[in-house]
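K.L.:
One letter stands for each residue in the lines below.
Number of protein chains: 2
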Amino acid sequence: MLNNISLGRHISGQFNHELESIRTHVLAMGGLVEQQLADALKALHKQEEDLAKRVIQDDRKVNAMEVAIDEACTRIIAKRQPTASDLRLVIAIIKTITDLERIGDVAESIAKVALGNFTNKQYNLLASLESLGQNAVRMLHEVLDAFARMDVKAAIDVYQTDDRIDREYEAIIRQLMTYMKEDPDSIPSVMKVMWAARSIERVGDRCQNICEYIIYFVQGKDIRHTNPEDITNFL
Amino acid sequence: MLNNISLGRHISGQFNHELESIRTHVLAMGGLVEQQLADALKALHKQEEDLAKRVIQDDRKVNAMEVAIDEACTRIIAKRQPTASDLRLVIAIIKTITDLERIGDVAESIAKVALGNFTNKQYNLLASLESLGQNAVRMLHEVLDAFARMDVKAAIDVYQTDDRIDREYEAIIRQLMTYMKEDPDSIPSVMKVMWAARSIERVGDRCQNICEYIIYFVQGKDIRHTNPEDITNFL
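Chains F and E, in that order, are what the protein sequence lines are.
Everything in the first sequence is counted per the working numbering, starting at 261 for the first residue and increasing by one.
Everything in the second sequence is counted per the working numbering, starting at 261 for the first residue and increasing by one.
Be careful, since some hints might not be right.
A pair counts as met if it fits within one copy or between any two copies, since identical chains are not told apart.
Pairs of lysine-lysine residues, derived as DSBU-like cross-links and limited to a Cα-Cα distance of at most 35 Å, are as follows [what the hints assert, rightly or not]:
hint, residue 1, residue 2
1, 441, 413
2, 481, 381
3, 321, 306
4, 413, 302
5, 441, 321
Don't read these hints as lab results, they were simulated from the structure.
Build the full structure now, drawing on both the sequences and the hints.
P.N.:
Structural data, given as structure tokens:
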């Protein structure tokens with residue numbers, strides 16, 4: 261009996277160790293994605309070609325991390341057969357890394373825009389993305405922080421900052437449309453800025469998804485498709 | 261001993277029954293999403309306001325199905341502790357319904373565009389989306405068919421049709437940019453058509469994701485981030 265208990269503890273200790281290792285890898289992946297996004301935006305604004313190329317190249321690393329973590333999650337489910345909150349954590353991780361990988365794709369596509377040639381005028385347009393980009397990077401940083409601490413309160417706070425990104429995005433789109441109207445020759449290059457703005461705005465949506473997984477893990481409630489105003493009810 | 265074996269069979273039979281029930285729900289969800297997408301496009305092209313409103317309203321059903329299937333998947337993992345291909349099927353389902361739900365969101369956003377007022381000229385622009393939309397609906401239909409039969413060969417075939425959607429999308433974007441240039445006053449409404457085109461193009465990417473999950477389930481190999489040319493190696 262004593263043997264069984266200590267064996268149980270041993271297995272559970274080993275399990276915790278494995279789970280902790282997966283969590284560490286998710287945070288490392290998140291850190292890399294945050295760096296990629298910040299670098300892509302820097303490459304865009306400072307016209308740093310080498311940096312843009314590195315971001316494009318490093319997207320492979322993000323992809324490889326996603327596949328590795330995904331496999332580790334499947335392995336831990338098969339081997340340790342977790343239930344309740346342990347299982348919820350693994351499921352939350354499987355979903356989180358999908359969104360992180362897509363944010364990595366956004367970084368890559370912004371880096372590709374950064375490799376384009378811009379006239380001074382177009383360069384000014386790109387500057388309009390700077391604050392939007394910074395807010396997206398900040399939101400990602402904060403959601404990773406909430407994930408690291410599995411902090412529901414922080415996740416709800418981050419969730420609500422997406423409103424600001426949405427409003428900023430809409431203002432940029434209006435501004436870019438006015439610009440296109442005034443200078444129709446600029447349309448193809450303004451469109452590139454539009455797609456970049458759209459991609460950055462989507463980072464906010466992805467961060468909101470991760471907030472939902474944090475809340476799902478901690479509270480065992482699926483809050484997807486809940487009205488934003490009702491989200492605070494989960495506190 | 262005999263008792264144990266028949267109990268084992270009983271549990272396994274019950275498990276198969278539950279797994280089969282989840283699969284049936286995924287196919288029902290897929291059928292609803294396909295209908296939503298086809299209806300949204302029809303509402304857009306025939307300017308059917310009532311149909312557009314119904315699509316917007318029915319997105320709730322898609323969302324509810326996603327949450328219910330997700331919960332059933334978590335329950336079956338906790339209760340039945342599946343391993344190997346059973347576990348891969350559950351993981352493939354968890355991922356598939358995320359993409360289906362997002363295709364549902366695309367249908368909703370196209371339905372919202374359909375509710376806008378268009379001049380005859382703008383209406384002609386919308387017509388340029390018709391073939392793209394049909395191809396996206398067909399791709400979704402085919403990937404659901406491949407999913408129903410868990411047919412790797414079919415999944416690979418569907419995967420490769422996305423190229424055609426991408427080329428068609430790029431031609432539409434070029435055409436719309438020319439249009440904006442010739443008639444700058446049309447920019448705001450042409451932008452709506454652009455976003456709709458972009459959303460439809462994304463349906464193709466989502467269908468490709470589902471192809472990858474089918475291959476992952478059948479072959480136990482994660483083919484994400486493999487070059488499209490290399491995908492046929494998995495046959």
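K.L.:
If a hint holds in the structure, say so; if it doesn't, say that too.
P.N.:
Each hint, compared with the structure:
no., hint, verdict
1, 441 <-> 413, "neither (44 Å within a copy, 48 Å between copies)"
2, 481 <-> 381, "neither (49 Å within a copy, 48 Å between copies)"
3, 321 <-> 306, "within (24 Å within a copy, 46 Å between copies)"
4, 413 <-> 302, "within (31 Å within a copy, 43 Å between copies)"
5, 441 <-> 321, "neither (41 Å within a copy, 40 Å between copies)"
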